[in-house]
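Following the hints, put chain B in place on chain A, whose structure we already have.
First to last, the protein sequences are chains A and B.
Going by this note's numbering, the first sequence opens with residue 1, and the numbers climb by one from there.
Going by this note's numbering, the second sequence opens with residue 308, and the numbers climb by one from there.
Please keep in mind that the hints were generated in silico from the structure rather than gathered at the bench.
Positions of the beta carbon are idealized from the N, C-alpha and C atoms, including for glycine.
Just so you know, not all the hints are guaranteed correct.
As the list claims (entries may be wrong) - Below, computed lysine-lysine pairings styled on DSSO-like, alpha-carbon distance capped at 30 Å: (1) B/K646 / B/K597; (2) B/K646 / A/K288; (3) B/K515 / B/K646; (4) B/K637 / A/K81.
What the hints assert, rightly or not - Example chain A residues on the side facing chain B (calculated, C-beta under 10 Å, incomplete): (5) I95; (6) L98; (7) A99; (8) G166; (9) V215; (10) I280.
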Amino acid sequence: MAVLEGAIVYSNLLVLLSIGLTITYITTGVPNFAQGSMAIFGSFVSLSLWLLFNIHPYYSLPVSFILGGGLGIAIYTLVLKPMIRKEAMVVTLMIATLAVDLILLGVLGAYSDTLAGITSKGTKKFIFTPMDFKLAGLDAILVVSSAVILLILFALFLLLYKTKFGIALRASMENPALAEIMGVNVEYTRLFSWFLSGSLAAVAGSLLPFRQEIVPATGAIIIVSIFAASIVGGLGSIYGALIGGYIIGMSESLITFYLSKPLGPSILLYSKVVSLIVLIIALIVSPKGIAGLDIWRKMTWRRSTSS
Amino acid sequence: MAQEYLLLDIILWFSIYLIVALSLNIEYGYAGIPNFGRALAVLIGAIAVGGVVNRILILLLGIEGRGIIETSGTLKSTVNAMISQNPLLGLGILVLCLLIAALMGAVTGALFILPSAKLRQDYLAITLLAISEVLFLVSNYNTSIIGGYYGVSIPDVLAFVPGERRFLAFALLGVGIALLVYLFVERLLTSPYGRLLKAMRENEDVVKAFGKNILVLRIKTVALGSAIAAIAGAFYSLYSVNVIASTFFRVDWTFFPFLMLLLGGMGNNRGVVLGVFSFVIVKVLLIVYKFEIKSTLHLPFEATWLEYILFGVLMLLILYYKPDGLIKEKPVTMTPPIKHALKQKAKETSGR
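Just chain A, same shape as in the assembly:
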């Protein structure tokens, strides 16, 4: 049961990260390799608030959300936007996000050392699990991460389908050139997507230490799972990110757990191998991900013709 709980928590966080990755991919067309480090930025925000002001990580979520959003906007406006203006190729933009990832790693590492100096506590590695408590017989992290997911999905749904900005947003995701002709400012939608991506990543990062130990380089490791989740779901679809996040999160935790029974606990180290295998299978079977499968088109087509 504890394994399943852990798997759900991990999947919830992975969904937050892959939604962020997907939404910036849809609006700017660049896979963001810094997504993992953006999450670790959130972890350090929560750690600092805890060490310096004694604020429990759950209460620091709004701060993480806003600061993470700021980081997302900074990355877009300072790095990517000028390059997109110069009509840089996708691979160039990807290398740029790799560079951003390295800068973030350097900044987080430097900050971690500095923080350790100020608080005279070891902050090279940290974990929040001892701070967790029970809520209605369940680990609070399970309740909190699920609540965050539901809240964010609900808010996204309202925003995308019930507001004028949402219509403009969806239009510019579908076809930026056409949306621009119709008077939508595509720039706003890009800014918004980077804000959202950064803030979701930071929130996920604030909660991640409840499940695993964090070091400044953790971002470089979790990026594999984030990309696997987004690609399995289909990089072009937010729903895909949702499904992909749960598929990768669950298979990483559960497959390694069940394999560890006959093969011994050393197999637990291979969780990332599972996500790589799932990723490669997905790419072979359906390169556009689950959301790109033909079944959905057929289903919607049937629905539209029958009505």
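This is chain B only, laid out in the frame that chain A set:
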């Protein structure tokens, strides 16, 4: 003494990184394949030395011990003693290591690029990065392949060289290997094959229309590039007389080669040499004066983090202000075949 040491350090890193950057230039600079998993081939080179050649030697010499980590320690002292008596043995092991590394690199490279059959450029880059990252994690955590983060010992193939000359000998050896690789790559890429790669980078459909199989071309190219990168990994391991999986981090062996390539200018090997040289000087100076930098700037953190920030920012500046690099790629100029034939004929008639 200190300056001599600094110079040798620069030469050694220049050779190692030049080999890696040249291999990436074939794949990304010429063929346009975004290999974000360069680190994998370098790691394979290290595995060829620490995992394969070590085991062959252990079997041949019948050395006993528990696990590869402990046994390789015994192996190292035994083989070092043998090499110091018999230099030819050391050179033999060196050649064996480089050959096995190149072979393993080529095979891994050929398998590694197979997903490109179905994937667009951006998806491909992600997949290659993921494969490389996962295999890095596996070899880092699984201590039975190459000792993981504990590492394994490697015999010193130049054990016959007296201790104070060892560094110089390795620097010269490195320069020699790098020079050979450079000449080979230069010759290869000025051939029709090099022009074919550039054509594939610019427009795949044209190459297809001329009846070339894109996938076969990619497999050949990445196999070749990975073989060369694996040689760099093997040489690096032989020099440092141990293999520690955690030193084959993505930043050092994928990001930095890309940085050197873009700094110098893609698609031409002279640019790569310049890029590698500039990068290595900055990097070695940063490593050597690490503590001085920390104390003079009163940094409350390790200088390594500063290095990451610096190189990250440098990469962004290059991408934005100088995307062609220091030396710009020149268009391929060739005498048209008809003129060439006429010239040839004129030569023949005048010779007669």
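Here is how each hint holds up against the structure:
1. As the CA atoms of B/K646 and B/K597 are separated by approximately 59 Å, the hinted pair breaks the 30 Å bound.
2. As the CA atoms of B/K646 and A/K288 are separated by approximately 49 Å, the hinted pair breaks the 30 Å bound.
3. Under the criterion of a C-alpha separation no larger than 30 Å, the hint pairing B/K515 with B/K646 is consistent with the structure, at around 27 Å.
4. Straight-line distance between C-alpha atoms of B/K637 and A/K81 comes to about 29 Å, which keeps the hinted pair within the 30 Å bound.
5. Proximity of A/I95 to chain B holds as hinted, the smallest CB-CB distance being about 6 Å (cut-off 10 Å).
6. A hinted interface residue such as A/L98 counts as satisfied when its beta carbon comes closer than 10 Å to some beta carbon of chain B; here the least separation is about 6 Å, so the hint holds.
7. For A/A99, the shortest C-beta to C-beta distance to chain B is roughly 4 Å, which falls under 10 Å, so the interface hint holds.
8. Hint on A/G166 is violated. Least Cβ distance to chain B is approximately 27 Å, over the 10 Å limit.
9. The criterion of a C-beta within 10 Å of any C-beta in chain B is not met by A/V215, whose closest approach is roughly 12 Å, and the hint is violated.
10. Residue-level restraint check for A/I280 holds (minimum Cβ-Cβ distance to chain B is 7 Å; threshold 10 Å).
In summary, the numbered hints that this structure violates are 1, 2, 8 and 9.
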